[in-house]
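Visitor: Each chain, written out:
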Amino acid sequence: MSAPLLSISGLTRRFGGLVAVDGVALEVRPGEIVGLLGPNGSGKTTVLNLISGALKSDAGSIRLRGRPLEKLPAFKIAREGVARTFQLVRVLGSMTCKENVIAGLAFGAKSRWGKEADLAAQELLARVGLAERADVMTSELTYIDQKRLELARALAMQPELLLLDEWLAGLNPTELQVGIELIHSLRAEGRTILMVEHVMDAIRSLCDRCYVMNAGKKIADGTPKDVLADPEVIRAYLGDADA
Amino acid sequence: MSVRNLAILAALAAGVVLLAFVPSVTNGYQLSLAINIMSYTVLATAWTLFSGPTRYVSLATVAFFGIGAYTVAVLGEELAWPLVLLIAFVIGFGLSLLVGLSTLRLSGVYFVIFTFGLAELVRQLVTWYEVNVTRTLGRYVFVDITTAQIYWQLLALAVIVLLSGWLIQRSKLGLALRVIGDDEAVARHVGINTTMAKVVLFAFSASFMTLAGAIMAPRWTYIDPAIAFNPVVSFQVLIMALLGGVHRLYGPIFGVIPLVMLFEILLAKFPNHFSILVGIAFLLIVYAIPRGIVGLIEGAQLSLSRKGAKA
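So the sequences go chain by chain: A and B. The first sequence begins at 1 in my numbering and counts up one residue at a time. The second sequence begins at 1 in my numbering and counts up one residue at a time.
By construction, these hints were calculated from the structure, which means they are not laboratory data. Honestly, I wouldn't trust all of these hints.
[Stated by the list, open to error] Over the 12 Å line for every Cβ pair with chain A, so calculated as not near, a few chain B residues:
| hint | residue |
| --- | --- |
| 1 | Leu86 |
| 2 | Leu97 |
| 3 | Gly117 |
| 4 | His247 |
| 5 | Glu264 |
[Stated by the list, open to error] Taking lysine-lysine pairs in the DSSO-like style, the calculated list, with each CA pair at most 27 Å apart, reads:
| hint | chain 1 | residue 1 | chain 2 | residue 2 |
| --- | --- | --- | --- | --- |
| 6 | B | Lys172 | A | Lys115 |
| 7 | A | Lys56 | A | Lys225 |
| 8 | A | Lys76 | A | Lys56 |
| 9 | A | Lys110 | B | Lys172 |
| 10 | A | Lys76 | B | Lys172 |
| 11 | A | Lys71 | A | Lys110 |
| 12 | A | Lys110 | A | Lys56 |
| 13 | A | Lys76 | A | Lys115 |
| 14 | A | Lys76 | A | Lys110 |
[What the hints assert, rightly or not] Label pairs and their computed distance ranges (CB to CB):
| hint | chain 1 | residue 1 | chain 2 | residue 2 | range |
| --- | --- | --- | --- | --- | --- |
| 15 | A | Glu140 | B | Lys269 | 27 to 35 Å |
| 16 | B | Tyr287 | A | Ala25 | 51 to 59 Å |
| 17 | B | Arg170 | A | Met137 | 16 to 24 Å |
| 18 | A | Arg67 | B | Gly94 | 52 to 60 Å |
| 19 | B | Thr127 | A | Gly16 | 40 to 48 Å |
In this text, all values refer to a predicted model and were calculated from it rather than measured experimentally. Just so it is clear, CB atoms sit at the ideal spot from N, CA and C, and this is done for glycine as well.
With the hints as extra help, turn the sequences into a complete structure.
Guide: Take a look at the structure:
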């Protein structure tokens, strides 16, 4: 088994009296797609925010290739090789699609600029199916196209670890198929992904392994098939059988 | 460089050369009006350099402008003029770095209030120093500089500000600031050192304002803190930039020219109601043309070309 790309242990974050993330440990190995599941409010997005540096942890360690991330500001974590999408899609509203992708290309560890960035941006837009829309303002995009654009911007950073926060949420069934295929094609490129997701079809077909959280704690891990059959996971989602 | 860009560049250079002849074809009053326009062009463009892309609204313009003026009032007679300007620039840069590092973590309305407070604080500090240490509130500025020379210096500074703005826009720093203006969280997550980008640009913008104040100082012969740190200047610069349009570097110029004229007329005809009329102008501009004159023109062009495409 290869050394983990990302390893987290004892990760804790409190909001006032609420312990949103409570001693969570997890690992992601190179080339894996790992799912992070759990009912609403269980702390999944907070974990992603702690990894990407949007929030600071109160305790615990986050290591990428053994290098500690937990003390770094978000922009340095991005340069270390972590890219993300946001739960509520965040595209840059005053710019064209191409400029959005260039924003992802220009400031990373492997910064690209000028003609080189132009070409790379065009390629990335084609990669997510937005080749025709390079010069369109992002405000004119549909919801799924905004999600595609956000993914292209994250890929532009050539991340070692890609964090997807409910990237498939809010898509209609046809769009969902397209979305799942897109993530599938990322796996073929050997990318490493940690994804927070609610869409069970996507989890079954995409994830190698899953972690399930409830009330800030990890309650299960394993293959999607196993964790989704785990009685405690079912209880977390649906409540007790006799309730 | 394309032929079109070359043509634009040549036209601009010709324009600057023509503007350099203004002192020889104008009378005293017209030249002082031209100096006002040039000075506000520098201030509003320098303001837009930082506040345009980042959308951080600063009311500290006059703090830096006044510091420039005071640098001249204190050192103008002691040192050679270029050295005085250099010192003004360095003071402006250093102070704005300090201010930037301590405030640019604030955003939105907190930043606006802080910058306004900063300008007042500087004014009060200078007043305190003058009253308690030098024991005279005002200072005389005796420097051997003609009105025409002031005009030429401002023209040169305006060219420098526009040129550096143009270079910044094409650079990674320019893109970084636009990303910050759109969404600061995204900016951090694509690897932009947001604090650094904001502070560096704030410092450049502020140093240009300081230089403008230094160049303008000899216009007054007498200055005191109320003149040099008049908060109305900060607001006027803000209205001019907004009227012109802050999403283009050259936008503010379209606001500076009509408003300098307007303020000139208001000050001459209604000196007692000046503030209230400026306030009304401010409201009308923000309400009626939020994207500025340049925004209006671009909007009209866009709808025309769309009609053309349909026809």
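Visitor: State for each hint whether it applies.
Guide: Each hint, compared with the structure:
no., hint, verdict
1, Leu86, "holds (32 Å)"
2, Leu97, "holds (19 Å)"
3, Gly117, "holds (27 Å)"
4, His247, "violated (8 Å)"
5, Glu264, "holds (35 Å)"
6, B:Lys172 <-> A:Lys115, "holds (13 Å)"
7, A:Lys56 <-> A:Lys225, "violated (33 Å)"
8, A:Lys76 <-> A:Lys56, "holds (13 Å)"
9, A:Lys110 <-> B:Lys172, "holds (14 Å)"
10, A:Lys76 <-> B:Lys172, "holds (17 Å)"
11, A:Lys71 <-> A:Lys110, "holds (22 Å)"
12, A:Lys110 <-> A:Lys56, "holds (25 Å)"
13, A:Lys76 <-> A:Lys115, "holds (25 Å)"
14, A:Lys76 <-> A:Lys110, "holds (13 Å)"
15, A:Glu140 <-> B:Lys269: 27 to 35 Å, "violated (47 Å)"
16, B:Tyr287 <-> A:Ala25: 51 to 59 Å, "holds (56 Å)"
17, B:Arg170 <-> A:Met137: 16 to 24 Å, "holds (20 Å)"
18, A:Arg67 <-> B:Gly94: 52 to 60 Å, "violated (36 Å)"
19, B:Thr127 <-> A:Gly16: 40 to 48 Å, "holds (45 Å)"
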